[in-house]
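Number of protein chains: 4
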Amino acid sequence: MAYRELKERSWRCNMELSRRNLIKYTFGNASAFDVEKRMFAIKPSGVPYDELQPTDMVVVDLDNKVVEGTLKFSSDTKTHTVLYRKFPGIAGVVHTHSPYATAWAQAMKSIPVLGTTHADHCTRPVPCTPVMSNEMIKGDYEEETGNLIVDTFEKNSFPHREIEMVLVACHGPFTWGETPEKAVYNSVILEELARIAFLTLRIDPGVPPMIKELIDKHYLRKHGESSYYGQTK
Amino acid sequence: MAYRELKERSWRCNMELSRRNLIKYTFGNASAFDVEKRMFAIKPSGVPYDELQPTDMVVVDLDNKVVEGTLKFSSDTKTHTVLYRKFPGIAGVVHTHSPYATAWAQAMKSIPVLGTTHADHCTRPVPCTPVMSNEMIKGDYEEETGNLIVDTFEKNSFPHREIEMVLVACHGPFTWGETPEKAVYNSVILEELARIAFLTLRIDPGVPPMIKELIDKHYLRKHGESSYYGQTK
Amino acid sequence: MAYRELKERSWRCNMELSRRNLIKYTFGNASAFDVEKRMFAIKPSGVPYDELQPTDMVVVDLDNKVVEGTLKFSSDTKTHTVLYRKFPGIAGVVHTHSPYATAWAQAMKSIPVLGTTHADHCTRPVPCTPVMSNEMIKGDYEEETGNLIVDTFEKNSFPHREIEMVLVACHGPFTWGETPEKAVYNSVILEELARIAFLTLRIDPGVPPMIKELIDKHYLRKHGESSYYGQTK
Amino acid sequence: MAYRELKERSWRCNMELSRRNLIKYTFGNASAFDVEKRMFAIKPSGVPYDELQPTDMVVVDLDNKVVEGTLKFSSDTKTHTVLYRKFPGIAGVVHTHSPYATAWAQAMKSIPVLGTTHADHCTRPVPCTPVMSNEMIKGDYEEETGNLIVDTFEKNSFPHREIEMVLVACHGPFTWGETPEKAVYNSVILEELARIAFLTLRIDPGVPPMIKELIDKHYLRKHGESSYYGQTK
Chain A
63 MAYRELKERS WRCNMELSRR NLIKYTFGNA SAFDVEKRMF AIKPSGVPYD
113 ELQPTDMVVV DLDNKVVEGT LKFSSDTKTH TVLYRKFPGI AGVVHTHSPY
163 ATAWAQAMKS IPVLGTTHAD HCTRPVPCTP VMSNEMIKGD YEEETGNLIV
213 DTFEKNSFPH REIEMVLVAC HGPFTWGETP EKAVYNSVIL EELARIAFLT
263 LRIDPGVPPM IKELIDKHYL RKHGESSYYG QTK
Chain B
63 MAYRELKERS WRCNMELSRR NLIKYTFGNA SAFDVEKRMF AIKPSGVPYD
113 ELQPTDMVVV DLDNKVVEGT LKFSSDTKTH TVLYRKFPGI AGVVHTHSPY
163 ATAWAQAMKS IPVLGTTHAD HCTRPVPCTP VMSNEMIKGD YEEETGNLIV
213 DTFEKNSFPH REIEMVLVAC HGPFTWGETP EKAVYNSVIL EELARIAFLT
263 LRIDPGVPPM IKELIDKHYL RKHGESSYYG QTK
Chain C
63 MAYRELKERS WRCNMELSRR NLIKYTFGNA SAFDVEKRMF AIKPSGVPYD
113 ELQPTDMVVV DLDNKVVEGT LKFSSDTKTH TVLYRKFPGI AGVVHTHSPY
163 ATAWAQAMKS IPVLGTTHAD HCTRPVPCTP VMSNEMIKGD YEEETGNLIV
213 DTFEKNSFPH REIEMVLVAC HGPFTWGETP EKAVYNSVIL EELARIAFLT
263 LRIDPGVPPM IKELIDKHYL RKHGESSYYG QTK
Chain D
63 MAYRELKERS WRCNMELSRR NLIKYTFGNA SAFDVEKRMF AIKPSGVPYD
113 ELQPTDMVVV DLDNKVVEGT LKFSSDTKTH TVLYRKFPGI AGVVHTHSPY
163 ATAWAQAMKS IPVLGTTHAD HCTRPVPCTP VMSNEMIKGD YEEETGNLIV
213 DTFEKNSFPH REIEMVLVAC HGPFTWGETP EKAVYNSVIL EELARIAFLT
263 LRIDPGVPPM IKELIDKHYL RKHGESSYYG QTK
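Protein sequences, first through last, are from chains A, B, C and D. In terms of my numbering, the numbers along the first sequence are unbroken and rise by one, the last being 295. In terms of my numbering, the numbers along the second sequence are unbroken and rise by one, the last being 295. In terms of my numbering, the numbers along the third sequence are unbroken and rise by one, the last being 295. In terms of my numbering, the numbers along the fourth sequence are unbroken and rise by one, the last being 295.
The shape of chain A in the complex, shown without the other chains (with noise of 0.2 angstroms):
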């Protein structure tokens, strides 16, 4: 039982999820990745989340080798795989078809940055990717969902640790994080944010983006070596 404590941290995360209502039966993943030895634990595949069990958890390398564990693994996790790759310094990824989140990623939209609600957490609009080509749909799909997202991060020069979220068109969010209960607060945060944006959009469809001095402030109150949030840990 090597891997105990990493399937207990993926487990409390996905149990987290579902507490928090972003889950529905099976709808979502989330992965607790151990960066010295270079493995996650993550969710079997469509196992409802009542019925889960730490135990229940597969431990998968980065070659998505299962390393510990009897039950088929979450069909999502060559996704996850390609971010710990591909995104050094995190250690954990969640994805969901939370309502908001997956509204504005159907609508292909990204979520502007509309209030310091958002400015708390990222500084950018949440980006939507583009719609998966053909050609990556008929390939390794989970593993081309991963690439599609590291590549629109790349392409836009979009730094992973300052946005630590992003919506698949036509699909939902992945999140990521240093941790991975990281992660699943961002998954939380994420909805909240793709609601207000929703609704504020509703009352007024012109609105500007909030302007970029009271979105700097914001994200520095929270982050960096200013940061005056929280406590001195």
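What the hints contain is simulated information worked out from the structure, not anything from laboratory work. Computed from a predicted model, the values in this text were never measured in an experiment.
Derived lysine-lysine pairs resembling BS3-like cross-links, with alpha carbons at most 30 angstroms apart:
id, chain 1, residue 1, chain 2, residue 2
1, B, LYS279, A, LYS134
2, B, LYS127, C, LYS279
3, A, LYS134, A, LYS148
4, B, LYS99, B, LYS127
5, A, LYS171, B, LYS274
6, D, LYS200, A, LYS274
7, C, LYS140, C, LYS200
8, D, LYS200, A, LYS284
9, D, LYS217, A, LYS274
10, C, LYS279, B, LYS200
11, A, LYS148, A, LYS284
12, A, LYS127, A, LYS140
13, C, LYS284, B, LYS134
14, A, LYS279, D, LYS134
15, B, LYS148, B, LYS284
16, B, LYS284, A, LYS140
17, D, LYS244, C, LYS140
18, B, LYS99, B, LYS140
19, A, LYS217, A, LYS274
With chain A held as given, fit chains B, C and D onto it using these hints.
Chains B, C and D alone, transformed into the frame defined by chain A:
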């Protein structure tokens, strides 16, 4: 008590609808079909969910004759009967007035395939029937509701095992499945699809349906011979 | 304690409003009428629902005189009195500020019959009163609110036993019924109708009202001599 | 433990915000002011609500000096200080990112008086401040947020005891009251007003504000010398 198990299964499905917030008061019903005996257990008419007991369920045959039970069966029973007679391979039917699906039914519009959440379950728009003719309304109304659903599927060559959900115009959703539990699951999913499609079209009313390649990819991940979602049974 | 049962019944109805999430803090009230004694028990003014006790309820006669109780009665009491005097056959009145029904009242629009969920309860649009005149506002305001409702029904020949709900313009919903429990039920149903109609018109603002034949069919399934919904009592 | 009661009161108010679903994670804060000692207890910065203890609260004076407590105070503390200094008679301040109120703030629009639910609490639109100038953003940001609120009230001659709520443009709501519990109450009410106004304008974007006579009537039922709502104390 020959039908004890069937009644309990039907009761559990009805209670699950209530627990998942798809039902207010007595607005809905689930039935469980015994494929060999060709009979089904259904909720009695107008009994609130918090008073419902397994022994209250009524067992009915495909001629709408009561086989077991002392209460009057749900007023929608004949709709269930038609579906069990005409849609081979199904063993559960559910009817609710869940708000988003009902809103689409009242708007008399099919729900377009806008994302993978939809395509995971169904390769086509969730169809909406035409409005029932005055002739049919004045006839055996609940049986005609079943006929309207079956006609809509036949005229459009919709495969009833691939699209396990329908909106009855100006009324609300019906779902079915190869088990009663699957029919309940389909009702929960339909409400979620209906809600996310609603939100998507508020963000961009002109968003096109998702490309066919992506629809097929997602459906075939979960269904058919080369599916790879879930655990092998 | 002559009125113990009436007070407990009124208390249970008030608590049910809170349990069904139709009430925030003290924003609503339910009363229970004794048809023979011509008196009713109502919530005291401004007492939060989580502190409310059955013994707090105030018994009032149709001249607004307190018959039993030490607390001040709800500020909306006189509206209840008018309804009990003018609408024969009712034994319960409820007022809430539930959000969707209140939004329709603030928009000063009747809720059109768009589907069977509405027609199951009411054959016509849920009427919205005109805005109260300055004269009436400066008079005995709460009594005039009752008069405004009654006038709206009289001028339009609305049958108060067929339409057991109304929107008071710029204010919110009132419902009634042959029992206090039915009045509570009608408030829950009204909020649901208001919500589904709201959603329907966002999907298609031009959707026409449901055809008359279908309205009548659904209403008569549940009401009148040839009704066949529910268990025979 | 001289400030035990003040800290407990502030803690209870913070927990009530969480219980009423106005808060996600650490997104909000409530403070309780001791009018005689001119000090207030406030939530520490960045501590999740489910871990918060009464002893964690920080007591601060009106020069932002910590009087008691070992944790860092909320990053919004200086905004609270300005309000306690400039708004005489208040003893509680609350800040949340509740979704409907925040959406109005992001749309940079005041919430119009569309019904009696609003007028029961406030005779005027809930004001939205202008967007903060770059000068102020670069200065002492949280103090300037307080100044922006106070300036908005002074320039428009808004009485701060009649309008106990404000939207800070692109940010979110602040509320206050003569007790900390009243400030919490006002945050709950504001979210409800914001939601019902949002829904009303979706039904009819052109609906006019409610007539002045009805606004005054409802406000004066609950406030001032001739109020008659609630129990006499």
